[in-house]
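Chains as they are written, first to last, in my numbering: chain V, 1 to 233; chain X, 234 to 511; chain U, 512 to 804.
Just so you know, these hints were derived from the structure itself, not from any lab. Do not take every clue at face value.
[Stated by the list, open to error] Straight-line C-alpha distance at most 16 Å; calculated EDC-like pairs for lysine to aspartate or glutamate:
{"no.": "1", "chain 1": "X", "residue 1": "K492", "chain 2": "V", "residue 2": "E19"}
{"no.": "2", "chain 1": "X", "residue 1": "K353", "chain 2": "U", "residue 2": "E621"}
{"no.": "3", "chain 1": "U", "residue 1": "K705", "chain 2": "X", "residue 2": "D335"}
{"no.": "4", "chain 1": "U", "residue 1": "K705", "chain 2": "X", "residue 2": "E339"}
{"no.": "5", "chain 1": "X", "residue 1": "K492", "chain 2": "V", "residue 2": "E224"}
{"no.": "6", "chain 1": "U", "residue 1": "K705", "chain 2": "X", "residue 2": "D318"}
[Said to hold, decoys possible] Computed Cβ-Cβ distance ranges for the label pairs, DEER-style:
{"no.": "7", "chain 1": "U", "residue 1": "I792", "chain 2": "X", "residue 2": "N465", "range": "32 to 42 Å"}
{"no.": "8", "chain 1": "V", "residue 1": "S15", "chain 2": "X", "residue 2": "D269", "range": "36 to 46 Å"}
{"no.": "9", "chain 1": "X", "residue 1": "E382", "chain 2": "U", "residue 2": "I559", "range": "53 to 63 Å"}
{"no.": "10", "chain 1": "X", "residue 1": "N465", "chain 2": "V", "residue 2": "V100", "range": "24 to 34 Å"}
The C-beta atom is built at its ideal place from N, Cα and C for all residues, glycine as well.
The primary structure of each chain is shown beneath.
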Amino acid sequence: MSTDTVAMPNTHILSTFEEALRSLRDDALMMASLTERNLENARKGLFERDEDWCNTVIADDEEVDTLEVQIDREGVNIMLRYHPLASDMRNVISTMKLSVNLERIADQAVGIARRSRKLISRPPADEMFHLEPIYQYAETMVKDAVRAFASQDLELARGLKERDRQLDQMNRSFAEKLTDLMSHRVDFIPTYMDLIFISRFLERIGDQATNMGEDTIYAISAEETRHTHHLTG
Amino acid sequence: MIKSMDPQPPPTASAPGTNVTSELAHPRADFLKVTDFNFYYGKKQALYQINMEIPQRQVTAFIGPSGCGKSTLLRNFNRMNELIDGVRHEGDILLNGRSIYDKKMEVIALRRSIGMVFQKSNPFPKSIYENIVYSLRIAGISSKNILDETVERSLRGAALWDEVKDRLQDSALGLSGGQMQRLCIARAIANRPEILLMDEPCSALDPIATAKVEDLIHDLKSQFTIVIVTHNMQQATRCSDRTAFFYLGKLIEYDDTQKIFTNPGEKQTEDYITGRFG
Amino acid sequence: MSTSTVEPTDFFSSANAARSGVRSLWSKFLSAICVGLALLTLVPLFSIVFLVLKNGLPLLSWSVFTELPPAAGMTGGGFGNAIVGTLIMVGIALLLAAPFGILSAVYINEYDPYSRLSNAVRFVAKLLTGIPSIICGVFAYAVIVLTTGGFSAWAGGFALAILILPTILLTAEQALLGVSQAYREASYGLGATKFQTIWRVVLPDALPAIMTGIMLAVARAAGETAPLVFTALFSQFWIQSLREPTASLSVLIYNFSTLPFEHQIKMAWTASLVLVILVTIANITAQVVFRRR
Chain V
1 MSTDTVAMPN
11 THILSTFEEA
21 LRSLRDDALM
31 MASLTERNLE
41 NARKGLFERD
51 EDWCNTVIAD
61 DEEVDTLEVQ
71 IDREGVNIML
81 RYHPLASDMR
91 NVISTMKLSV
101 NLERIADQAV
111 GIARRSRKLI
121 SRPPADEMFH
131 LEPIYQYAET
141 MVKDAVRAFA
151 SQDLELARGL
161 KERDRQLDQM
171 NRSFAEKLTD
181 LMSHRVDFIP
191 TYMDLIFISR
201 FLERIGDQAT
211 NMGEDTIYAI
221 SAEETRHTHH
231 LTG
Chain X
234 MIKSMDPQPP
244 PTASAPGTNV
254 TSELAHPRAD
264 FLKVTDFNFY
274 YGKKQALYQI
284 NMEIPQRQVT
294 AFIGPSGCGK
304 STLLRNFNRM
314 NELIDGVRHE
324 GDILLNGRSI
334 YDKKMEVIAL
344 RRSIGMVFQK
354 SNPFPKSIYE
364 NIVYSLRIAG
374 ISSKNILDET
384 VERSLRGAAL
394 WDEVKDRLQD
404 SALGLSGGQM
414 QRLCIARAIA
424 NRPEILLMDE
434 PCSALDPIAT
444 AKVEDLIHDL
454 KSQFTIVIVT
464 HNMQQATRCS
474 DRTAFFYLGK
484 LIEYDDTQKI
494 FTNPGEKQTE
504 DYITGRFG
Chain U
512 MSTSTVEPTD
522 FFSSANAARS
532 GVRSLWSKFL
542 SAICVGLALL
552 TLVPLFSIVF
562 LVLKNGLPLL
572 SWSVFTELPP
582 AAGMTGGGFG
592 NAIVGTLIMV
602 GIALLLAAPF
612 GILSAVYINE
622 YDPYSRLSNA
632 VRFVAKLLTG
642 IPSIICGVFA
652 YAVIVLTTGG
662 FSAWAGGFAL
672 AILILPTILL
682 TAEQALLGVS
692 QAYREASYGL
702 GATKFQTIWR
712 VVLPDALPAI
722 MTGIMLAVAR
732 AAGETAPLVF
742 TALFSQFWIQ
752 SLREPTASLS
762 VLIYNFSTLP
772 FEHQIKMAWT
782 ASLVLVILVT
792 IANITAQVVF
802 RRR
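Chain V with its partners taken away, still in its complex shape (with noise of 0.2 Å):
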């Protein structure tokens, strides 16, 4: 008798596991494309000096914590009646993990819109306009990293450390140049400053996008990818 005539299905045959995954999963993605929405609506009001924009991100935070309490306690429900094992495991607890991040994102979009409002208040600065790379690609490694957690993309996910590292050395050449700029242009300080923040929320961010990579590594192949550096140079 051979084994390779039997079917192997892909659900769960207890269905209730099954929709509890599922549903787990969904939030988490939920939880994202907010997370996603709110750093967009960021750079708008950034960039825009749109003070309506900044407030919106404030108050939509809060969205995003209920989400992460949410997943928070639908994965300890999961891991309570099911007890997951192997993959199914891995995966719950990532996106518990994945959660933690997502609501760090969110909070340094909160910061960069509190930021905003005061850099509104003050008279604009062309030095701005060179954060948008910067920002554009945060905002990228963050779409990847949750792309790569939707559709368990290995590539993507192990991509994101070395678009890390990008990350890093554009924020520290960023910073330089304004500190620079500052010994010119006193009357600049607090603009620059509040500028110099921001794009270490970004750098932050990328970080966070980073730590998602290396936790939907472990959960798709079960690699510790994290604190490595070390070893790679």
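Use these hints to put chains X and U onto chain V, whose structure you have.
Just chains X and U now, with coordinates in the frame of chain V:
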């Protein structure tokens, strides 16, 4: 009985708790070794080309859906399957380097050096004392000192001594389910076997009795090699060091328990333990 | 209230009550019949006991056990020799039949249950349970009496042994079948040989049931007349040797109840009472001594 083939010298009153042959040696990784093993019930093949090495003084769990052959393989280790008519095997099984099918090895000597605990506890309808010393009596040992010492040692080893020490002459059938199973474990270890085979030992027990037996398994593994067949995957994760997954008579995957349950190599294993089929 | 949705069953509707009322009435009626018939089966049993007691008690005394049977027409006396004779011949029968029966049962159940020999033994044993007791007598007559040249207690015992052997064998087999297979497995798992398993685990566990079977056999043997008529005949005297004709309760009852003397007939009743008492004692003893500990 040919003494040179007997892996276990008869227990002496002077050396309680020592497993003489293997105590001094470094634990073997291939203490129980199965090579190219095929097994047939008449015309029907039940096991296909099984190859595995079971390490000494660790707990190895056999898991798999019903009918996958895990119990069949277990019962071959002490040749209990030979009680059924028309069975036949190919390949070999070696215990501590010696084939269990060696012509010079008597089956009863083999069985005395392997302890077995069954799914439904089956103490004899005799007193608790007589249950434990049964294996000694059939070996011709009747010295009261040795028997008494064995009873106490075995019951202590099975974490049952305190509960029954005042009623050793009572019928074993008056014990609770969990106690009966622990009595069966005590009976199985009375003769200080090399290996302890357990066929779903907790499936008929309530959670507390199960926990006590699992705790016992943990204590016993410092002295005995244990192979346990279980349907309960949580039990395998709690109790075992190595896990083997069987399906339709074949050994699909065999590895450290941690690896099998966090990241199994075979899709079939993954599908079974995550409840996608089975 | 008919709608397209499914209505839950209304347990209190009158239609339901009527139906279940009829059903429980029918059930009560059938139960009553069962109880009645069970009680009815007790009637013959109690009638026999009552009759035997009523008719046998008057002459029951110690002399019954110590004296010899009275000659025709005489009064007094007893049937002590008949009691002893019955005990001896049933004892011989047990000694012959029990080992054969039990060990054969051990073979057909433990060693090779599906072999042709086992199947043949079972088949023949079942056949022999129906054998008319007189045939046993005739057989023993041909085999023992004719070859030894005389009636004897041996022949009587032999005839009874043939009679009870199938019963002992079959009930012993049932007793062995009733022993849980788990015990055998446990024993083999501990490294016992087949013989050790049978001797130490299976037989002790089956013993109460085997004893019950033996008691059944004893009860039957003690009461049979036909086999003894051809083999042990009868004797008016105390038994001196096993090679002579021997008295027995059953033959005594048969002889005395056909005599035209009232005393003898009363003696026959008393003998019946004694027989019933003996068998009852044997049964109770067996149950008490061999009860499952």
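Any of the earlier hints contradicted here, and which numbers?
Hints 1, 2, 3 and 7 are the ones this structure does not satisfy, whereas the remaining hints hold.
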